[in-house]
Amino acid sequence: MIHVPDWLPRSNTVNLLAGAFLLSSLYVASQRRLLACVTAYQWNSVALALIALTVSLATGARHIAFAALLVLVVKAFAIPLLLRRVAERSHAAAEGEPFMGIPTGMLICGALVVIAFSQTRSLFGSGLSILSSCLPVSVAVTLVAMFIMVSRRRALMQVIGLVLLENAIFLAAVALTYGMPLVVEMGVLLDLLVGVALLGLFVGRIEETLGDSDTTRLDSLKG
Amino acid sequence: MTALWIMLALAPAGALACLLLKDSPWARHVVTLACAGTFVCAVSLAIQVERNGALHAANGWLQIDSLSALIALIVTSLGTLCAWYAGDYMVEVRRHDENDAHWAPGRYEALYLGLMSCMIVSVASNNLGLLWVSVEGSTLSSALLVGYYRRPSAVEAGWKYLILSSVGITLALLATVLLFYSSVHLFGEGGAGLQWTALREVAAQLDPRFVRLAFLFALCGYGAKAGLAPMHSWLPDAYSQAPTPAAALMSTALLSASLTALLRFHAITAACVGAQWPDGLLTLFGIFSLVVALPFLLVQGEYKRLLAYSSLEHTGIVTLAIGFGTPLSVFAGLLHLIVQCFGKALAYLVGGSFLRATHSRRMDHWSGALEAAPSLGVLLAGGGIALMGLPPAGTFLSEWFILMAGFASTHHAVAVGALVALVFAFIGLSYHWTRMLLGRPRAGFADALPARAQAPMYILLAVVLVLGFALPQPLRALIEHAAGVLRP
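Going down the list, the protein sequences come from chains A and B.
If you read the first sequence in my numbering, its first letter stands for residue 1, the second for the next number, and so on.
If you read the second sequence in my numbering, its first letter stands for residue 1001, the second for the next number, and so on.
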């Protein structure tokens, strides 16, 4: 086991960063402009990388520092760059007519966060890891990201929901086990990067064929 | 051991060679030969495993036990036969289909081999993280194949496939993290907690709450990839839009590889919390997939979509059989996995020939197949018999065994339900096949592919029929030992 100094459970740094992680994902849920959502995702990834870095400083585990660096490069720079290019090429700068209004969506997201915080403790208990404060945040962002994916029409918004979901699971991995082995993390990040590039490609092709990236119009295949 | 490394290296090396060869006529032979090479390695590995027990390599990252040897045999043999057929098929598509992708030469072949290498790594990996990375890699390489054609429906199918599989596989990542976490108190934060063999040994000491949670997420994640209902909505779209050889490979080899990933989680869960709970879930999802497929089997106009729903049905049967949990049912489930893979690949490939011959995807345009093209008609009939589970195809035997095991176990009601569902599936499929085989052929029916493209299909037909009469002793031993891996 990695030796853990006892000052960290009460560390305000981690709590602050976890707060930033949660707020940036809620900002995505509240925004309709695509570029603003990409920026919020970027902040979300920066917060994630800083959490991992804090853990590595506190525990002295070097592989987490490497993972944090990779997260910074891939999730905070490369993927936002790709998403921004797709967004700029797209005709529509914002989410179209939503299934439900932003205020209703925010209320639902609030409820999801409350559920995540109240239920996570009962499942995982407290004090299992130095980062047990991050766990409810990770579960909350998982739920919010899934909500974003099902409540938005634009293809690119669904991609942003997916990468937020991935961030939340990365946070869970860091919080529960201080991250997986480095080789696995590298593979996961590579897959994610290629996946986002492919999804961006498909967003472009959807716009080409439909003249629009509204995924509810993808309904020709049935039965 | 060398065979393992050669098997892992051949497909990526072939992919690279195809990218370099570009439009040289050698590219298609490189694909077939690379796949055939992996098949030879898989056979040699299966023999070694049967002789000396499971092989381990790369500090426990890779492992070949009886189960992985069996799945590797399925993946590589079907990969070879589909690549063989694809050689002629893709030439025809590039020449005459106005929706052809116009990809840079060699790119299709490279992606095909990329998919093969991801599946081979996923089969051989012992590390659950590596397993995840390779299954996700197989999603990415196959998504481009699904969106191959330049028509709106292919874009739609590719998008649905990519986004649904990505979400599913992200949940499988959470499952991997949770399983890792349940073992941290035993192994610390080192990589050992992700090794399947290590987890399996200490399964009784893992934290059961997290193992249960991990299994639920794995069932959603890898289950979505294997196409279990209700996570199957991408399946008919993807299989009907992908070029036929790619669809055949995805609905057989990729499905087996994803299902194996789920079964690896199942084995750990069963060893940790007892077999009853995970078995119950597998049975539930199995019978649900079987029932969900029925209405679509009865009213379906498009051949490849019909096969996709038949694929859902057969995945359901395999899952159900493993969920019954008796030695006979697990054995029969694995046997059924093999036979239905060969039968389905045959049905897909012969469908590709009909698609090229009639330029129509609809079954009512294919009527009179036996009269118009007797040789193709016989192959079509063979594929139909295999999917319906009629004797003399091997699926009859395996489905018979599965139902027998179901009635002998405690799940009588489920077995009765499965029997009724199979009858309805038979009615649906036999209705469509009768209409396709008999009747008056339409004008302008001409097989566009050279006769040599039928050779791989006759091999598939032979395997399906032989397995209906006799199970060769070495294969039987391999399946028995693979069942032993799932259920010690």
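These are calculated hints, taken from the structure and not from any lab test.
Quick reminder that beta carbons are idealized off the backbone N, C-alpha and C, glycines included.
Hints may contain errors.
Simulated pairs of lysine to any residue, SDA-like, Cα-Cα distance not exceeding 25 angstroms [to be verified]: (1) A/Lys222 x B/Phe1424; (2) A/Lys222 x B/Pro1012; (3) A/Lys222 x B/Ser1367; (4) B/Lys1022 x A/Asp212; (5) A/Lys222 x B/Phe1426; (6) A/Lys222 x B/Leu1298; (7) A/Lys222 x B/Lys1022; (8) B/Lys1022 x B/Leu1073; (9) A/Lys222 x B/Ser1360; (10) A/Lys222 x B/Arg1362; (11) A/Lys222 x B/Ser1153; (12) A/Lys222 x B/Gly1060; (13) B/Lys1022 x B/Pro1012; (14) A/Lys222 x B/Ala1198; (15) A/Lys222 x B/Asn1099; (16) A/Lys222 x B/Glu1098; (17) A/Lys222 x B/Tyr1431; (18) B/Lys1022 x A/Leu201; (19) B/Lys1022 x B/Glu1098; (20) A/Lys222 x B/Leu1422; (21) A/Lys222 x B/Arg1107; (22) A/Lys222 x B/Arg1212; (23) A/Lys222 x B/Gly1301; (24) A/Lys222 x B/Val1416; (25) A/Lys222 x A/Asp212.
Among the chain B residues that face chain A by a calculated CB cut under 10 angstroms, a handful are [unchecked claim]: (26) Leu1016; (27) Leu1019; (28) Leu1020; (29) Leu1021; (30) Lys1160.
Item to check | Violated hints, by number in ascending order, as checked against the structure | outcome: Failing hints, ascending: 2, 4, 7, 8, 12, 14, 21, 22, 24, 26, 27, 28 and 29.
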